[in-house]
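Undergrad: Chains as they are written, first to last, in our numbering: chain A, 21 to 281; chain B, 56 to 300.
Bear in mind the hints are in silico, worked out from the structure with no lab data behind them. Here the structure is a predicted model, which is why all the values come from computation and not from measurement. C-beta: ideal position from N, C-alpha, C; glycine also. Treat the hints with care, as some may be off.
[Said to hold, decoys possible] Chain B is nowhere near these chain A residues, computed Cβ spacing over 10 Å in every case:
(1) 80
(2) 108
(3) 125
(4) 184
(5) 189
(6) 195
(7) 224
(8) 257
(9) 270
(10) 277
[Unchecked claim] Okay, the calculated beta carbon distance ranges per label pair:
(11) B/97 / A/108: 54 to 60 Å
(12) B/283 / A/263: 35 to 41 Å
(13) A/113 / B/285: 41 to 47 Å
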Amino acid sequence: MRGLARRLALALAAPLVLLGLWLALALLGWPGPRLVPAPALVASLAAHELTHAALWRDVGATLARVVIGVGVASALGAGLGFALGRSRRWRAASEPSIDFLRSIPPILTFPLFLLGLGYGERARLATVVFGCAGIVLLHVAAGLAAAPRERAEAVRLMGLGRLATARHLELPEALPGLILGVRVALATGLVIVIVTELLIGAPHGLGVRAREAQIAYQPAQLWLVIALSGALGALLSGLLARLGRRLTPWCAAPSSAPPST
Amino acid sequence: MAVAALTASGAGLTAGAASSLPAAVVTLDGVAAPGLAPLSLRLTGGERVAILGPNGTGKTTLLRLLAGLARPSQGRLEVRAPPALVPQAFAASLLPWRSVRDNLLLPLQRARLPAAELEQRLGRALDAAALPSALLSRWPQALSGGEQQRVALARALMQPPGLLLLDEPMSALDIAARLAVRRALPALADQLGLTLVLVSHDVDDACALASRALLLGRVGQRLELALGDGGRPRLLRALGELCAG
Numbered sequence: 021m022r023g024l025a026r027r028l029a030l031a032l033a034a035p036l037v038l039l040g041l042w043l044a045l046a047l048l049g050w051p052g053p054r055l056v057p058a059p060a061l062v063a064s065l066a067a068h069e070l071t072h073a074a075l076w077r078d079v080g081a082t083l084a085r086v087v088i089g090v091g092v093a094s095a096l097g098a099g100l101g102f103a104l105g106r107s108r109r110w111r112a113a114s115e116p117s118i119d120f121l122r123s124i125p126p127i128l129t130f131p132l133f134l135l136g137l138g139y140g141e142r143a144r145l146a147t148v149v150f151g152c153a154g155i156v157l158l159h160v161a162a163g164l165a166a167a168p169r170e171r172a173e174a175v176r177l178m179g180l181g182r183l184a185t186a187r188h189l190e191l192p193e194a195l196p197g198l199i200l201g202v203r204v205a206l207a208t209g210l211v212i213v214i215v216t217e218l219l220i221g222a223p224h225g226l227g228v229r230a231r232e233a234q235i236a237y238q239p240a241q242l243w244l245v246i247a248l249s250g251a252l253g254a255l256l257s258g259l260l261a262r263l264g265r266r267l268t269p270w271c272a273a274p275s276s277a278p279p280s281t
Numbered sequence: 056m057a058v059a060a061l062t063a064s065g066a067g068l069t070a071g072a073a074s075s076l077p078a079a080v081v082t083l084d085g086v087a088a089p090g091l092a093p094l095s096l097r098l099t100g101g102e103r104v105a106i107l108g109p110n111g112t113g114k115t116t117l118l119r120l121l122a123g124l125a126r127p128s129q130g131r132l133e134v135r136a137p138p139a140l141v142p143q144a145f146a147a148s149l150l151p152w153r154s155v156r157d158n159l160l161l162p163l164q165r166a167r168l169p170a171a172e173l174e175q176r177l178g179r180a181l182d183a184a185a186l187p188s189a190l191l192s193r194w195p196q197a198l199s200g201g202e203q204q205r206v207a208l209a210r211a212l213m214q215p216p217g218l219l220l221l222d223e224p225m226s227a228l229d230i231a232a233r234l235a236v237r238r239a240l241p242a243l244a245d246q247l248g249l250t251l252v253l254v255s256h257d258v259d260d261a262c263a264l265a266s267r268a269l270l271l272g273r274v275g276q277r278l279e280l281a282l283g284d285g286g287r288p289r290l291l292r293a294l295g296e297l298c299a300g
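So that you can see chain A by itself, here it is in the shape it has in the complex (with noise of 0.2 Å):
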């Protein structure tokens, strides 16, 4: 109970060292509420938004093209990062190409799909997968590749065929690097939808509703899409943690049992 309450005070300590900073600067009047709004008023605007359907279908759509933008994107980096991590003279051959594409800024792109795919959220997908399948890849090739090679040699001498080398060796040597893929590439992924909702071409979703909050100047209504913003993206990156967790228990601390066969 004791432990509990320790874990509680340690995860709202720096939210409440943050909020503190806030009413400080609130009530000091700098730099100035157009920065910095009251926290009372962004409050009362959170109240009155998270009741209305309006805030949540702005919120579903930003999540609906995360969660598509980075499944599709985590598709072709496993399968690629697979591939090049099983192979020393792929991944030499495509290192100076993978390092080439992932220096471009993604957001680069956007145009260019705009121009190629319409005006609509066709571009917004294939600029998040640009963006979000070459983090997948290195993560899965690079877990493969740094795995020691006594296990693939004792894998090798018990004699398994290629499938049961891939069941029984490759999948879990690329599983911890997938996850951890998958969990950078939704912070990234979070970041292009919103920039892309920003500037043109969405309907819906917390990047428009931060560019329209900004063309009628109001500062809380930009607060509260920053805080749900951070929210959707460490709800992500926590249920992913979570599935982590689950499907690679032998990650965990040692001293935890393995499942029972």
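Start from chain A and add chain B according to the hints.
TA: Structure of chain B alone, referenced to chain A:
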């Protein structure tokens, strides 16, 4: 019996029936590799040989060649039995996503043996490796180094292989486990007709597990000794001369 032959020409692995061949399980004819000076050796089925010598004389390389994990740069190598290897980096060879039990059963994945046969082999391997069955339900990474080494040894005994290759297999074991393995492993090897190649720096391990020793020197010297009565002092003397020379 399966036959695997590797040649320096890179012709690679060949397989086929060899029912009328002599009983040699391993034949090395002037085999060399990076780190290993030319070596000729012949091992018959059921023989147990210890490889000793200073660091850097190619002992581990020799085991990797016998396991088919490396290719000779010259000479002819023939292995007529399925190999199993307990590597020096034993901990890294275990699959951390499988329990100890599942690690041990993996080599039998393709055999589709009845449950009773699996349990019998499991029990036999646990005994020979002095591994308590209470550890079967644990993650390998949750075990101590010595326990992990015994898991790797038990896994190698599960198939069972025709050729058991052990690279310092007791380096992490406490004295009780070491004595237990010294007692049980030769008995199991005799029972199953295993050919055993042991790389070790421990003269007592070598004398307990092997019936002859092959000493490798830094400048390509080779010395073969029979172990058995009076084997230990002979081996110590020979090792001393080899290291001094």
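Undergrad: Look at each hint and say if it fits the structure.
TA: Hints, verified against the model:
No Cβ of chain B comes within 10 Å of the Cβ of residue 80 of chain A; the nearest lies about 36 Å off, and the non-interface call holds. The claim that residue 108 of chain A is not at the interface with chain B holds, since no C-beta of that chain comes within 10 Å of its own (minimum 16 Å). For residue 125 of chain A, the requirement that its beta carbon stay farther than 10 Å from each beta carbon of chain B is met, with the minimum near 37 Å. For residue 184 of chain A, the non-interface assignment is contradicted: its Cβ lies about 6 Å from the closest Cβ of chain B, within the 10 Å cut-off.
A cut-off of 10 Å between C-beta atoms contradicts the statement that residue 189 of chain A is not in contact with chain B; the least separation is 7 Å. Not every C-beta of chain B lies more than 10 Å from that of residue 195 of chain A, the closest at about 8 Å, which undercuts listing it as non-interface. Distance check for residue 224 of chain A against chain B: the nearest CB is about 42 Å away, which clears 10 Å, and the non-interface claim stands. No Cβ of chain B comes within 10 Å of the Cβ of residue 257 of chain A; the nearest lies about 23 Å off, and the non-interface call holds.
Its closest Cβ contact with chain B, about 5 Å, brings residue 270 of chain A to no more than 10 Å, contrary to its assignment away from the interface. Residue-level check failed: residue 277 of chain A sits 6 Å from the nearest beta carbon of chain B, not beyond 10 Å. Range check, residue 97 of chain B to residue 108 of chain A: Cβ separation about 36 Å, and the 54 to 60 Å hint is violated. Separated by about 60 Å at the C-beta atoms, residue 283 of chain B and residue 263 of chain A break the suggested range of 35 to 41 Å.
Judged by the Cβ atoms, the range 41 to 47 Å given for residue 113 of chain A and residue 285 of chain B is violated: they are separated by roughly 59 Å.
Figure legend: structure checked against the earlier numbered hints; hints not met, in rising order: 4, 5, 6, 9, 10, 11, 12 and 13.
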